[in-house]
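Protein chains in written order, with the working numbering: chain A, 29 to 751; chain B, 11 to 128.
FYI, nobody ran anything at the bench for these hints, they're computed from the structure. Don't take every hint at face value.
The following residues of chain B were derived to be distant from chain A, with all beta-carbon distances above 10 Å [claimed, not checked]:
(1) Ala29
(2) Ala34
(3) Arg53
(4) Met73
(5) Ser77
(6) Val95
(7) Ala97
(8) Gly105
(9) Glu115
(10) Ala119
Listed below are several chain B residues computed to face chain A (Cβ distance under 8 Å; list not exhaustive) [unchecked claim]:
(11) Phe91
(12) Asp120
(13) Glu124
Simulated DEER-style distance windows between Cβ atoms [stated by the list, open to error]:
(14) Val729/A x Pro28/B: 34 to 42 Å
(15) Pro709/A x Ile33/B: 26 to 34 Å
(16) Arg114/B x Arg694/A: 46 to 54 Å
(17) Arg53/B x Ser690/A: 54 to 62 Å
Think of the CB as a built atom: it goes at the ideal place given N, C-alpha and C, for glycine as much as any other residue.
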Amino acid sequence: MIHEHSIRAAALAPELGWVGLALLLPLLSACACALCAALRVKSKAPAIITSLALAGSFVIILTAYFAYTGPVEVPIFQWMSFQWGTQSFQSFTADFALYIDSLTLFWMLFVTGLGTLISIYASEYMESDRGGGYCRFFFGISVFLFSMSALVLGDNLVMLYLGWEGVGLASYLLIGYNYERPSAVAAAKKAFIMNRIGDLGLALGIFMLWANYGTLQYSELFAAMNNGGQSSVDWDLSVIPFLLMLGAFGKSAQIPLFTWLPDAMEGPTPVSALIHAATMVTAGVYLIARLYPFFELHPEALATVAWIGGSTALVAATIGMAQYDIKRVFAYSTISQLGYMFLGLGVGTSFGACYHTLTHAFFKALLFLTAGAIMHGFAGQLDLRKLSGLRQLPGWRIVSWTMFVGCLWLAAFPYTAAFFSKDAILLQALTSERGDFRFLGWLGLFTAALTAYYTFRVWFRVCAGPLHYEGGSEGHHETPAGHETPVASHGTVASSVQPAPASHSAREGHSVFHPHAPRLAINGVLVILAIGALLVGVPAYDHVFAHRENWAQSMIAGSSAYQGAGIEDAHAGHDAHQATILGMDAHTGLTVVGSTASIGGIVIAWFFHLRNRKAADQLRAALMRRYWIGWLPICMENKWYVDEVFHVFFRLPMWVGGQILSFGDRHFLDGVLVDGLAKIPLGLGRLFRPLYGGALQGYAVTMAGGIALVIAWVTWIWVRGFN
Amino acid sequence: MNAALDIGVASGFTLAVPAEISIALMISALLFTLGIIGFLCRRNMIIMFLCTELMFQGAALAMVSFSRMRMDVSGQVFVIFILTVAAAEAALALGLVVLLYRRRETLNADAWSELGES
Chain A
29 MIHEHSIRAA
39 ALAPELGWVG
49 LALLLPLLSA
59 CACALCAALR
69 VKSKAPAIIT
79 SLALAGSFVI
89 ILTAYFAYTG
99 PVEVPIFQWM
109 SFQWGTQSFQ
119 SFTADFALYI
129 DSLTLFWMLF
139 VTGLGTLISI
149 YASEYMESDR
159 GGGYCRFFFG
169 ISVFLFSMSA
179 LVLGDNLVML
189 YLGWEGVGLA
199 SYLLIGYNYE
209 RPSAVAAAKK
219 AFIMNRIGDL
229 GLALGIFMLW
239 ANYGTLQYSE
249 LFAAMNNGGQ
259 SSVDWDLSVI
269 PFLLMLGAFG
279 KSAQIPLFTW
289 LPDAMEGPTP
299 VSALIHAATM
309 VTAGVYLIAR
319 LYPFFELHPE
329 ALATVAWIGG
339 STALVAATIG
349 MAQYDIKRVF
359 AYSTISQLGY
369 MFLGLGVGTS
379 FGACYHTLTH
389 AFFKALLFLT
399 AGAIMHGFAG
409 QLDLRKLSGL
419 RQLPGWRIVS
429 WTMFVGCLWL
439 AAFPYTAAFF
449 SKDAILLQAL
459 TSERGDFRFL
469 GWLGLFTAAL
479 TAYYTFRVWF
489 RVCAGPLHYE
499 GGSEGHHETP
509 AGHETPVASH
519 GTVASSVQPA
529 PASHSAREGH
539 SVFHPHAPRL
549 AINGVLVILA
559 IGALLVGVPA
569 YDHVFAHREN
579 WAQSMIAGSS
589 AYQGAGIEDA
599 HAGHDAHQAT
609 ILGMDAHTGL
619 TVVGSTASIG
629 GIVIAWFFHL
639 RNRKAADQLR
649 AALMRRYWIG
659 WLPICMENKW
669 YVDEVFHVFF
679 RLPMWVGGQI
689 LSFGDRHFLD
699 GVLVDGLAKI
709 PLGLGRLFRP
719 LYGGALQGYA
729 VTMAGGIALV
739 IAWVTWIWVR
749 GFN
Chain B
11 MNAALDIGVA
21 SGFTLAVPAE
31 ISIALMISAL
41 LFTLGIIGFL
51 CRRNMIIMFL
61 CTELMFQGAA
71 LAMVSFSRMR
81 MDVSGQVFVI
91 FILTVAAAEA
101 ALALGLVVLL
111 YRRRETLNAD
121 AWSELGES
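This is chain B alone, in the form it adopts within the complex (with noise of 0.2 Å):
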């Protein structure tokens, strides 16, 4: 593959990404928009958590490839940083998904709307 990507046609502004580290961006970016479209589309509360964890994984990944592009190793701390935060919410998140389905007795978004005008 080509050796570098090419950004900035304009701006003279380049930046060279390896072949390897663009694949594992692309599948990235791919599992954010995945989560992104299951998020918007789905009405399933865990379900709906699920996709924000497949958009949080994706930008995980996204750091982990920046960070094993530049040789730093600053971005993967972060990572570890940021799938503990996503333990912890995880927990918690589930934990509220078990009220609101205790209050309403099912785990459909839409029942959660009185806050609209609408």
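In isolation and in its complexed conformation, chain A is listed as follows (with noise of 0.2 Å):
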């Protein structure tokens, strides 16, 4: 492979400021949706403008592809300028500008093309809330992708963090969707404060970044990193990439900042594909990526990178293992895989964890929307003990194909474009010179067994099997017009009352409840997610079979996020072909126990969840009867109990210092304070109060006396002299 191993500088090209427009398009619908919802536009309006505005900012993206030479900055405006003095370090400047190179259009195509599909797909979804939260949830939707936009296409650090916390606020306003449910509040606010303790962590990197390097362009401190930087304090530098890991361990739902996530599913599933899936979360990648040779500074920090990544991809996975919501399945899943992707990073593959976002991105976005189009069509049931044998139903083969494809890919099953992402990580790590990093490649190898095991665990329960099925206890929405089964809304409550039976046939099940089955924008929107799905995998088979260079690596390659690219004596990523994986090559071994990994999870799976669904509970029972292994099911089924260790942690403690704090406030600074000081004057009036009793002799006496106790004090020093 022939790559530059120094990052290209960029060229200035305001000729190029159009591309402007993918940020402005979302935030002009952003303005339209506002508007929609102060005229009260009870029509799909908003979700056509945003749709259109989102296809817009895509095909920007594209054509800026097809017109990419080399990496550039766009300036926009001028945004913020400060000059305190001559030398350096006394100026700050961020411009509103762009900075585009082969990772920024990487990001975007795939940003963009989802939020489009994704919006389309809400234009169904959400259809029922017309009139209601319509505008609200796509005005979300578009200040979410131009902030997701502002973030991946600015040109400093400061443009980064607008668009961090741009993202974060979306997130927030769309996980509180449903602001009437209190499950749904506590969610949103959970997942807001939880991204505010990274976000801390990010900006004190870059003020640390700012105070080693005195700029926070990205190519100037890339230039500035290449001159091994003049720090303006004395700092130990090693600190940045912690504090910058910190943040996108929050943003991207890793360890320990990662319960946020499975809870954030409160919100619409749109909003969990595209947000808490696909984009929004990768953004911590997308950080570090960009950032990537701060961190090769500092092997330490990648190395914690990838423990940490490690860890979470198995605490996550096993989590995964034992849910029975399909929505929380799918976003430990997605942690899990958050997980890998750091992994990557961590052991020096910012092609492989960049590869794995795309592939990523496409299969969960495909997942969580067959997730969605389920719960939209059986009022809101997700529990997969509840759903059977939905690839019988008429109207649900889409969703359940769909949602085969979406799992084979998460699964890694051979040959798919995740199998060759997930490889590309595993293969770096498993052929690293360090050990533990090969101990992570193998833990990788057995967390890739566990995710295909849960994950058509889900298919296995939901999609095959014998018909029956559950509705829900939402409330369902009012039946749309011309919809082939008008009383959907009937039986919804009475099929949500009467305790489930343990065998359920269908046609009882179709007695109390009709499930509406996906029409055309869902279904559409389904078919085309999955055809990316496999399109993203043609890279890898470009690379696999026609031995040419797998596009995916060539766009990383070709900016700075590139491993070795950011320092001068690069040292040449080490050739995998000489590393053995059991005695093979490592290619032929791994795609060998990645395989068997994969297949044999999913045989795990058919064997506990489609031949014989018993099985399952009765291992369960078996292990829950052996004290010494007892508490694994517990543990796994109560997610490690981590929100209860932060619970006893971090709340409880805050908690008791918020009392203390309290007490004190209320008998030392009040009590004391406050009210004690205001009783010095109040206990003088009583004082004298007696002399002001109203009486207008009263007065006279006062002020008599006064002028004769002056007189008397004057003559008295007057008669005794003055000494």
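Join the two chains into one complex using the hints; note that each chain is given alone, in its own frame.
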């Protein structure tokens, strides 16, 4: 592979200003949606406007991609500029400008593309809220896309931070979309606060970068880094990647800040698909990829990223195995897959991490959207024990089979796109010189087997097997006009009230609840996404079968994210072909082991969740009976008690501290200082109050007495003399 | 009578006051004291007002006396002003008294004591 192992200097290209439209269009559509909300528009106008604007952004990015020749900086307008001296470190500039290199384009292509598809999907999914939250929803989506574009396209870290906070805000608004539901409000708050903890790290990291390099512009930063930097402070440089890492872990839901993501599933499903699976949560990966040179300066920082990623992948996978809510399973799988991406970044294959981001964006958006279709049709039913055999139900075939595609991809079935992207990560880990990275690689392989298991657990439960289902408890939307099952809104409540019999036949199911199958917008988007998931494998096939360079690899290699690109004495990525796995050539070995893990997981899932569904419960009961292993299923079902640990170690001390402070405030500050001080004039007043009784003579006596006292005093002094 | 009233034994600071002036000063002090006593003891607002006038006249007399003693007319000029102000003030005060009387149908000053706390 021929890459120049240094970052190409960005040319100034004001003529590319039209790329800024990719930022402007979502902003305009947000304004339009706000206007629709103000005018109480009841049509699908906000959805159409948003979809068109996002499609416009996508087309602009696509055009920019085809016109791309090398990294460019595109100034849009002057934003912030301060100067308080003439030396370096005495001015600060952050222009509203775009930094377009292949990493930016790589990210923007799937962000805007998926944004368009998901807003089309949402136009049908959210239609029961028309006239209500419909405008608000699409406003949130538009704001999100604007912020995400600013995050990715921005030319400096201030713009990245703007986008970073903007996507956090959009995420908060959309998780709390159903603001009447306390759980949604709590989830929104949790997501926002946990992100703030990460954002603190990011902000401090940005401050530190400025303090050390005197600029926040990417191209200047990379140039300054090559010169070794000229710190204005004598702090340790190695703290920078750790601070940035904290921000990335908050946004991308890694240990220890991952508990917000499963709760974020309270939001409408298109939001889960777009923000909490495909795009926003990959901002952390983008941050580290964008500033990869700074991480490469500190191998211990990269090792931390690898360890956090690897362990998050495993922990989230074990939790995902024991959840019954489809969306939650997918949420944990998202955390787990993000863990793989960080593992990839940590062990030194930014290509693997970014390629996995791309494939993951497609198949995870697809999976969430199928889950959303099921939730939409079954009145909020997401319990995989209460749904079965949907592929036999007319109108649900597309959902079932696109979900199958998504599951195959998530399970990294051999020769799917995700198989190659995951392989790229694991290969780098397994062939690393570092023993702990090789261990993480094996851990990743084990996690891959778990992933295959829990993914197909969902599919075998929900889409395969005998047909039976129950509607959910969600007071479902009124049936849209012209719908094929006009009685869909009946029986919803009835079926949720009655206890679920163990074997619920299809006929009985039909008698109480009529699911309504998805229509064109949902099915169409699902099919397009499934095709997209197939297509993102093309670069890998190209590489494997035609021995051409992987498109994703060439995109990453041309940017600052490529390993070794940032430092002059680039260590050439050591040759994976010499390493071996289980005595085989590394590539072959990993293909064999990875396929075995994936297929093994699927077979186990098939056995426990399709062939003999009782066996799963029996296995669980058998595990529970043995005291030495009985804790395992309990811990997995209870998410390893991470929320509880947070509760005890963070929330409880803070609550106690808050109580102490509140007590101090009420009794010391308020009681002693404020009220106590106020009592002094009060007491003095009480002392003199008899003098001012209200009667006129009283005042006169006081006055006359006072004057008499003054006269007496003066006279006494006069008579006695002044000495 | 003694030609000079000697005050300020210890200080050695003496003020010589002629006898006739000292009588006038005593009358002025008497007028002022009568005014204060009347103001403190009576409840009728008109009488109380007259007592303040009495105190005014006491003060004015003292001024005239000192002016005479020092052979300086400025004190007397001041008294002219005091009398003018007193006349204007009398007009205002009597008007106020009439208003107050209309509110409470009484001239008793005790009827107006809301401002006090007790």
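Outcome of the hint check:
1. Ala29: 22 Å, holds
2. Ala34: Given a closest Cβ separation of 20 Å, the condition holds.
3. Arg53: Its Cβ does come within 10 Å of chain A, the nearest being 8 Å, so this is violated.
4. Met73: Met73/B clear of chain A: closest Cβ-Cβ about 18 Å, beyond 10 Å.
5. Ser77: 22 Å, holds
6. Val95: Its Cβ never comes within 10 Å of chain A, the nearest being 19 Å, so this holds.
7. Ala97: 23 Å, holds
8. Gly105: 18 Å, holds
9. Glu115: Non-interface label on Glu115/B holds, nearest chain A Cβ at 18 Å vs cutoff 10 Å.
10. Ala119: Nearest chain A Cβ is 4 Å from Ala119/B, so the label is violated.
11. Phe91: 22 Å, violated
12. Asp120: 6 Å, holds
13. Glu124: 7 Å, holds
14. Val729/A x Pro28/B: 34 to 42 Å: Once the Cβ atoms are compared, 35 Å apart, the range 34 to 42 Å for Pro28/B and Val729/A holds.
15. Pro709/A x Ile33/B: 26 to 34 Å: For Pro709/A and Ile33/B the Cβ distance comes to about 49 Å; the hint is violated.
16. Arg114/B x Arg694/A: 46 to 54 Å: 48 Å, holds
17. Arg53/B x Ser690/A: 54 to 62 Å: Holds, at about 56 Å.
Hint violations for this structure: numbers 3, 10, 11, 15, all remaining hints satisfied.
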